[in-house]
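Protein chains: 2
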Amino acid sequence: MKRIEGGVTAAVGFLAACTAAGIKYKDREDMALVFSRTPCRAAGTFTRNVVKAAPVKWDQKIVRESEYAQAIVVNAGIANACTGKEGFDYCRETARTASAALKIPEEAVLVASTGVIGMQLPIDRIKAGVEAMVPCLSEALEGGTTAARAIMTTDTKKKEAAVQVEISGKTVTVGGMCKGSGMIHPDMCTMLAFVTTDLAISRELLQEALSNDIKDTYNMISVDGDTSTNDTVLLLANGMAGNPEITEKNQDYETFCRALNVVNETLAKKMAGDGEGCTALFEVKVKGAESKEQAVTLSKAVITSNLTKAAIFGHDANWGRILCAMGYSGAQFDPEKVDLFFESEAGRLQIIENGVALPYSEEEAARILSEPEVTAIADVKMGNAEATAWGCDLTFDYVKINADYRS
Amino acid sequence: MKRIEGGVTAAVGFLAACTAAGIKYKDREDMALVFSRTPCRAAGTFTRNVVKAAPVKWDQKIVRESEYAQAIVVNAGIANACTGKEGFDYCRETARTASAALKIPEEAVLVASTGVIGMQLPIDRIKAGVEAMVPCLSEALEGGTTAARAIMTTDTKKKEAAVQVEISGKTVTVGGMCKGSGMIHPDMCTMLAFVTTDLAISRELLQEALSNDIKDTYNMISVDGDTSTNDTVLLLANGMAGNPEITEKNQDYETFCRALNVVNETLAKKMAGDGEGCTALFEVKVKGAESKEQAVTLSKAVITSNLTKAAIFGHDANWGRILCAMGYSGAQFDPEKVDLFFESEAGRLQIIENGVALPYSEEEAARILSEPEVTAIADVKMGNAEATAWGCDLTFDYVKINADYRS
Chain X
0 MKRIEGGVTA
10 AVGFLAACTA
20 AGIKYKDRED
30 MALVFSRTPC
40 RAAGTFTRNV
50 VKAAPVKWDQ
60 KIVRESEYAQ
70 AIVVNAGIAN
80 ACTGKEGFDY
90 CRETARTASA
100 ALKIPEEAVL
110 VASTGVIGMQ
120 LPIDRIKAGV
130 EAMVPCLSEA
140 LEGGTTAARA
150 IMTTDTKKKE
160 AAVQVEISGK
170 TVTVGGMCKG
180 SGMIHPDMCT
190 MLAFVTTDLA
200 ISRELLQEAL
210 SNDIKDTYNM
220 ISVDGDTSTN
230 DTVLLLANGM
240 AGNPEITEKN
250 QDYETFCRAL
260 NVVNETLAKK
270 MAGDGEGCTA
280 LFEVKVKGAE
290 SKEQAVTLSK
300 AVITSNLTKA
310 AIFGHDANWG
320 RILCAMGYSG
330 AQFDPEKVDL
340 FFESEAGRLQ
350 IIENGVALPY
360 SEEEAARILS
370 EPEVTAIADV
380 KMGNAEATAW
390 GCDLTFDYVK
400 INADYRS
Chain U
0 MKRIEGGVTA
10 AVGFLAACTA
20 AGIKYKDRED
30 MALVFSRTPC
40 RAAGTFTRNV
50 VKAAPVKWDQ
60 KIVRESEYAQ
70 AIVVNAGIAN
80 ACTGKEGFDY
90 CRETARTASA
100 ALKIPEEAVL
110 VASTGVIGMQ
120 LPIDRIKAGV
130 EAMVPCLSEA
140 LEGGTTAARA
150 IMTTDTKKKE
160 AAVQVEISGK
170 TVTVGGMCKG
180 SGMIHPDMCT
190 MLAFVTTDLA
200 ISRELLQEAL
210 SNDIKDTYNM
220 ISVDGDTSTN
230 DTVLLLANGM
240 AGNPEITEKN
250 QDYETFCRAL
260 NVVNETLAKK
270 MAGDGEGCTA
280 LFEVKVKGAE
290 SKEQAVTLSK
300 AVITSNLTKA
310 AIFGHDANWG
320 RILCAMGYSG
330 AQFDPEKVDL
340 FFESEAGRLQ
350 IIENGVALPY
360 SEEEAARILS
370 EPEVTAIADV
380 KMGNAEATAW
390 GCDLTFDYVK
400 INADYRS
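Quick mapping for you: the protein sequence lines, in order, are chains X and U.
Note that the first sequence covers residues 0 to 406 in numbering that gives the first Met the number 0.
Note that the second sequence covers residues 0 to 406 in numbering that gives the first Met the number 0.
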């Protein structure tokens, strides 16, 4: 497997474009269009929030019922959530506009929105935006990169990843883009991720590969514990790599799953590391668990603990908060068996052994915790299962961003 | 029922004292002692965190096994959590010191700690503190008030409440004190609450009254979603009001439960309203629920949502975040039936009707949200159950306090 440059246009046959449609932001691109030269198998995973945004409902229908999909229209600034029947109708109008301009069926157009909840989309500007983007569609990596920038809200960095693998003698590319960076606690999250591949694969296996992979990637990140109304991951496969279509779980399928995992994990970590206002990516590994489920519960409790997150911001080795969060997670374990380590580029330090503090150096701990990527490793010594979750620190800027997000 | 001044010394026969023992804070009182002239029935509810502080384990044993209790020793600054066997031995040493000085059995001494997790108590200073407090025990309301101040950590205000009711012709007083103000998400929370009453009541009914009441009071508040290792509520009843002992659930029992509820709810709201760094008490009422459990789940999801809490800090009527939090709570409801109102001293305003925004005035909403106590009311129109939860806003100061709490 080879990591390569690029994102949604890295795979053969995918084009992208963006435009400044003036949805809510001024003077910046705020719409993106992804298009495949040929029809794609489409898979999707969506928020499990009871309150689902209109585009989520639209896409769920497409992924479930349409034979194929060929385009995705995305806007940033307004989430089109809690917008009733009008909001859903606007999804259809958006798809219809793209359908006419791209000469593809309305049912092949996926839509996604991110931003403020409760406002209606300015549908005329959305439609004008779609029409403006179609002539600009580009196969170049730069096309994907400008699209990745256009879908940002409070993100500070565009997020792309791509890899290449060999499948049955053909080079297959998997690439994607995503955006965070608040209301991030995917179950599925306001995360949106769009992954494209030129692999030929059956629709069922494409969905299964995605559904399995998000459990270890997007569903293991949290910025603030708030599961959005709009969380969407879409995966399009257009078959242009020319491999024999994957229709069973053979070695080719496994190879693709590994490539998909690298792209999704990279995008997920970029989202966590660019959480609203954050200064550090905070990774938590739980080892020695009895079951995967237990390891997931424990690691997610730690990355969502406000107190732990604030301590990470302060470069404070406040390990008691980590043990405390594990303790209220709902998982059972013996606190008096836990070992805990902090690790980063600056080194690795054991802080507690069998539940009690070692005489570690606070200066050394602070040095390790001052890096932009920090890991806590907890060994509960019950079995062999493990899990990794990703979050970020809780900062003044998180509060600032969210105290007046709408203004 | 009559609200009266005072706290733990309001009921007949209860004394309190405090001292500056130098546990961790400098130049302030940091230990408190509560003592009853006569033996008390004792009831307690404790954290359900798997990681339980040593004093929690000590008190659970006393409440379960001792025939009666007569004193409570509290220290602020160090939580005596994650301290292994040594930490538990220190509980016994503390109780033994109080036992000798007060001439009561060791098994009649409850202990409680709050502060940093993982440090050992300076046991010599704790013992000296106990000995210093015994001669200062005072029945005056001021004795209770200084004790309420001594147990504060990041609290900005001391928290007391007391009421009087008539039971079988006797005046019965119920009074208490508590402290917050971070790691507050009681299930039970680092909340500590101590309630005293001169009521005569059986041990079983005292525990039942407390266990039922905390579900609607302490367990309905959250500052940061972190359930502490030390959460403890202790209720002592010394019988000195002279009422016939309550041994069944008669009208006297109901009268006492109502009095207990007023004291506990008042203390719980004070804790939420003085959450770390907060500027407002945030109350969330869910009405029209199918069941109490559903109403509890929905209201707690809203008060623990970081995004909603940051919006309250910004006086921003960002109702989408409230609906979003309800949506990911795990409770089922129809988002398109929800009505939502904001209410405070400054007025009441309906924001959404049947899931969609009304054309309300943002200025009016901001005015209502600028008060120190703000309520959101959500009607899900499914039934008649309701619940109220209390939290606070998420502010710069919360982050500041918790980024360098230990230093």
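Rather than coming from a laboratory, the hints here were simulated on the basis of the structure.
Take the hints with a grain of salt, since some may be wrong.
[To be verified] In silico DSS-like pairs for lysine-lysine, Cα to Cα no more than 30 angstroms straight-line:
| # | chain 1 | residue 1 | chain 2 | residue 2 |
| --- | --- | --- | --- | --- |
| 1 | U | Lys157 | X | Lys399 |
| 2 | X | Lys380 | U | Lys51 |
| 3 | U | Lys284 | X | Lys380 |
| 4 | U | Lys157 | X | Lys336 |
| 5 | X | Lys286 | U | Lys51 |
| 6 | U | Lys284 | X | Lys399 |
Against the structure, the hints:
Distance check on the hinted pair: lysine 157/U and lysine 399/X sit about 29 angstroms apart at the alpha-carbon level, within 30 angstroms; holds. In summary, the hint linking lysine 380/X to lysine 51/U is supported, as the alpha carbons are separated by about 19 angstroms, within the 30 angstroms threshold. Between the alpha carbons of lysine 284/U and lysine 380/X the distance comes to roughly 43 angstroms, so the proposed pair goes past 30 angstroms and is violated. For a cut-off of 30 angstroms, the pair hint linking lysine 157/U to lysine 336/X is broken: about 38 angstroms separates their Cα positions.
Pair hint lysine 286/X plus lysine 51/U holds up; C-alpha atoms about 22 angstroms apart against a cutoff of 30 angstroms. At roughly 26 angstroms between alpha-carbon atoms, lysine 284/U and lysine 399/X fall within 30 angstroms of each other, so this suggested pair holds.
Comparing the model with each numbered hint stated earlier shows that hints 3, 4 do not hold.
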